[in-house]
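Read the sequence shown against the working numbering and you will find it ends at 595, with the numbers running on by one and no gaps.
Incorrect hints may have been included.
Below, computed lysine-lysine pairings styled on DSSO-like, alpha-carbon distance capped at 30 Å [claimed, not checked]:
hint, residue 1, residue 2
1, K274, K320
2, K320, K307
3, K549, K572
4, K549, K573
5, K409, K274
6, K307, K389
7, K300, K488
Hints were generated in silico from the structure; no laboratory data involved.
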Amino acid sequence: MTRPTILGTGSYLPKRILTNRDLEKMVDTSDEWITTRTGIKSRRIATKGEETSRIAAAAGKDALKMAGLTPDEIDLIIVGTMTPEMAMPSCACFVQQELGAVNAFALDVNAACSGFVYGLDTADKYLRCKPDMKALIIGTENLSARVNWKDRDTCVLFGDGAGACVLATSDNNDSGILASRLFSDGRLSDLLMLDSAPSMNPDLNFQTKNNNKTEIGSEQGPYIRMKGKDVFKFAVRAMSGAVSELLATVDMTVADIDLLIPHQANIRILKGLADRLNIPFEKIFINLNKYGNTSAASVPIALDEANREGRLKKGDLLVLCAMGGGFTWGTTIIRW
């Protein structure tokens, strides 16, 4: 039996570091307030030449190098992002151009913070149908361009970056993607949103729900808006439930997990996830303190760091899970 297997991982973090001390000079907050509530100490901020597609391509190059492949050997490029530099062409097409991956077809997936997990599952399905394919999956975000820097509840959370992996089928029955499952619930969309620019069609201006009444909501600007307490409660339940349900389908338990790589959203969410799953905290990979919430880039950046730090050994059971606006959420089980 052939299974899609990760051949290489990569990542890219912008050079500029924005610390909590820096934020103290920008908004009414403090290093202590941010650290105790989020676990974040710093985040990376993109500057000139670090557009969403360019940092995605840099992460992709990193993953290809580890995999020992050239760009023209890639058949499929999937980019998970909610912050492309433009609506059309897709971010994935810009990545294809930047890499010179002339034989690939390319597409974006917008599942917010779940984008990489969604992209990985999509590539998995393609490769199971066409085992000769090789895929590059990337999560990339430029969230600093979509944050209201006057809103301390959101601006302290987010950072920029990109992570990637190369996927190809393997005849090794002991390794590869064992199972995955994706979820969404559009009824919860108003809890976490990112507005777009107002429509040029006045009859179709973007609208939001408020107490079951419809109101024009575009005047706030194209910023991330979040109801933090509600997101926290749902995130813990959704991710823990998805992990437990998927483990049961492959006749495994939480005790079988060697490393859990969750979306790096908030330290309280990660602690709640650990408690709900009853998994030792040391089995959860965390880099939230260095990069903040990088949305779709979060899981692949953490995956690459865990891989390069030697946290993943052959035969290890790895679980990825994420939750984002939509709501979207999902999990993937991998035998390394």
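Hint check:
A hinted pair counts as satisfied when its Cα atoms are at most 30 Å apart, and K274 with K320 qualifies at roughly 17 Å. Taking the CA atoms of K320 and K307, the gap is near 19 Å; set against the 30 Å cutoff, the hint holds. Between K549 and K572 the alpha-carbon distance is near 24 Å, which keeps this suggested pair within the 30 Å criterion. Between K549 and K573 the alpha-carbon distance is near 27 Å, which keeps this suggested pair within the 30 Å criterion.
With a CA separation close to 23 Å, the supplied pair K409 and K274 stays within the 30 Å bound. For the hint pairing K307 with K389, the CA-to-CA distance comes to about 39 Å; that exceeds 30 Å, so the pair is violated. Restraint check for K300 and K488: the C-alpha separation of about 21 Å stays at or below 30 Å, so the hint holds.
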